[in-house]
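There are 2 protein chains.
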Amino acid sequence: MRENKYDDDRFFAAYSRFPRSVEGLRAAGEWPELQKLLPDFAGKRVLDIGCGFGWHCIYAAEQGAASVLGIDLSEKMLAVAREKTDFPQVTYRCMAMEEIDFPPQAFEAVISSLVFHYTPDFADICRRIGRCLVPGGDLVFSVEHPVFTAQGPQAWSVDGEGCRSHWPVDRYFDEGRREALFLGERVTKYHRTLTTYLNTLLQTGFALTGVVEPRPAAHLLDTVPGMRDELRRPMMLLVSAKKDG
Amino acid sequence: MRENKYDDDRFFAAYSRFPRSVEGLRAAGEWPELQKLLPDFAGKRVLDIGCGFGWHCIYAAEQGAASVLGIDLSEKMLAVAREKTDFPQVTYRCMAMEEIDFPPQAFEAVISSLVFHYTPDFADICRRIGRCLVPGGDLVFSVEHPVFTAQGPQAWSVDGEGCRSHWPVDRYFDEGRREALFLGERVTKYHRTLTTYLNTLLQTGFALTGVVEPRPAAHLLDTVPGMRDELRRPMMLLVSAKKDG
Numbered sequence: 000m001r002e003n004k005y006d007d008d009r010f011f012a013a014y015s016r017f018p019r020s021v022e023g024l025r026a027a028g029e030w031p032e033l034q035k036l037l038p039d040f041a042g043k044r045v046l047d048i049g050c051g052f053g054w055h056c057i058y059a060a061e062q063g064a065a066s067v068l069g070i071d072l073s074e075k076m077l078a079v080a081r082e083k084t085d086f087p088q089v090t091y092r093c094m095a096m097e098e099i100d101f102p103p104q105a106f107e108a109v110i111s112s113l114v115f116h117y118t119p120d121f122a123d124i125c126r127r128i129g130r131c132l133v134p135g136g137d138l139v140f141s142v143e144h145p146v147f148t149a150q151g152p153q154a155w156s157v158d159g160e161g162c163r164s165h166w167p168v169d170r171y172f173d174e175g176r177r178e179a180l181f182l183g184e185r186v187t188k189y190h191r192t193l194t195t196y197l198n199t200l201l202q203t204g205f206a207l208t209g210v211v212e213p214r215p216a217a218h219l220l221d222t223v224p225g226m227r228d229e230l231r232r233p234m235m236l237l238v239s240a241k242k243d244g
Numbered sequence: 000m001r002e003n004k005y006d007d008d009r010f011f012a013a014y015s016r017f018p019r020s021v022e023g024l025r026a027a028g029e030w031p032e033l034q035k036l037l038p039d040f041a042g043k044r045v046l047d048i049g050c051g052f053g054w055h056c057i058y059a060a061e062q063g064a065a066s067v068l069g070i071d072l073s074e075k076m077l078a079v080a081r082e083k084t085d086f087p088q089v090t091y092r093c094m095a096m097e098e099i100d101f102p103p104q105a106f107e108a109v110i111s112s113l114v115f116h117y118t119p120d121f122a123d124i125c126r127r128i129g130r131c132l133v134p135g136g137d138l139v140f141s142v143e144h145p146v147f148t149a150q151g152p153q154a155w156s157v158d159g160e161g162c163r164s165h166w167p168v169d170r171y172f173d174e175g176r177r178e179a180l181f182l183g184e185r186v187t188k189y190h191r192t193l194t195t196y197l198n199t200l201l202q203t204g205f206a207l208t209g210v211v212e213p214r215p216a217a218h219l220l221d222t223v224p225g226m227r228d229e230l231r232r233p234m235m236l237l238v239s240a241k242k243d244g
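Chains E and F, in that order, give the protein sequences.
Residue numbers for the first sequence follow numbering that gives the first Met the number 0, so the first one is 0 and each next one is one higher.
Residue numbers for the second sequence follow numbering that gives the first Met the number 0, so the first one is 0 and each next one is one higher.
Bear in mind the hints are in silico, worked out from the structure with no lab data behind them.
A couple of the hints might just be wrong.
Here are the simulated DSS-like pairs of lysine-lysine, each with C-alpha atoms no more than 27 angstroms apart in a straight line [to be verified]:
(1) E:241 <-> F:241
(2) F:35 <-> F:83
(3) F:241 <-> F:83
(4) E:83 <-> E:35
(5) F:75 <-> F:241
(6) F:43 <-> F:4
(7) E:241 <-> F:43
(8) F:241 <-> E:35
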């Protein structure tokens, strides 16, 4: 069975207190950059893979999407998303990304925020997305950056005084499972190289239209403790791509 | 004046003893991956930016290029390249990449190996290349990976026993000048993010066709001391792109 940490009571409670869980997109440091990569949603059928609390689904609806389907593995997350969402054109479904099997050309746009590093088989996900996207359709996603996932523990190297000295990179070309600490819990993630992320897209029928390592939004740099350290190493990778056709 | 470390006697002597200087492409760990990204050179006019000892120029000629122009800042390197090259269709010229100003559509293919991290203005180089490439023409290059250039000194973090514990990343989003140690000499390089490398290409009229972080060639892993550590962090970035047209 797929790991579903987000339905674990303790983890869910911790994640629910996370700034981006409480305040939504504006508390997400990468949002201004991700927003720039998004297509015009007006009139489009949109799929959000790993929609969580539904922030991006609501955004797509606000931008005029004809329909938005948010899928997530966590019933607890979806319950909150349903509660929060007023748009009738937004629907939610509990399912894994590995089960995506929608009809051909069911969507004009697919988005996904910080989810693909939880799947062991990225190529399979790309093929599943490709099948349900129209030709010329858009895929925009964020993942944890390979520099962030490579070593495993996802913790800064510290000097003798406990100060962050640098970010450690190791095992970069050793793709696969990592056990990271997140919100005090062990979470399984899958490290893959940048090469794998980008060339897998090229090899499964997508053209790359944007690749961005976001810096935190300027308004967060001086208001969130420790945020300036986010300028010291990349933490996320944002990619926009277009299905060939 | 542009720094030209390669005409410094001591540095030139050290670089000339480097495996890739003596044995050429087969001693370059990234060559098998770079080779895969190269276009078919048959009948093409090719520009090699920072050609050094001319190994890639000779390869392009062997593959049937109609003409190959190798440019480099170092007269010493070019003297060796001329000495080594038997193909009359290969010519060499001493000039900086920042001075590229060839006629429009002068080339069908542009290649460059480990040179662009020496220029402070990558966008300017891309525009210069774009102007002298035919529509649909190919650009293939390697650079030192942003993970490799970010912190500056380009040295492993070591533990108490002097063993390599991991690769340090720092100052990632602080683009610009770095002083690295290379072959015992201080060399000025310019760090830029992966975002800058890839999006600059997209914004100057190129489509991305391949992005590869090469692992060392298998035959080097067990024969060159320390080579297995090259699996622990990316050192180079290879990019293939096509001029829009």
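Cross-check of the supplied hints:
{"no.": "1", "hint": "E:241 <-> F:241", "result": "17 angstroms, holds"}
{"no.": "2", "hint": "F:35 <-> F:83", "result": "24 angstroms, holds"}
{"no.": "3", "hint": "F:241 <-> F:83", "result": "30 angstroms, violated"}
{"no.": "4", "hint": "E:83 <-> E:35", "result": "24 angstroms, holds"}
{"no.": "5", "hint": "F:75 <-> F:241", "result": "32 angstroms, violated"}
{"no.": "6", "hint": "F:43 <-> F:4", "result": "32 angstroms, violated"}
{"no.": "7", "hint": "E:241 <-> F:43", "result": "30 angstroms, violated"}
{"no.": "8", "hint": "F:241 <-> E:35", "result": "24 angstroms, holds"}
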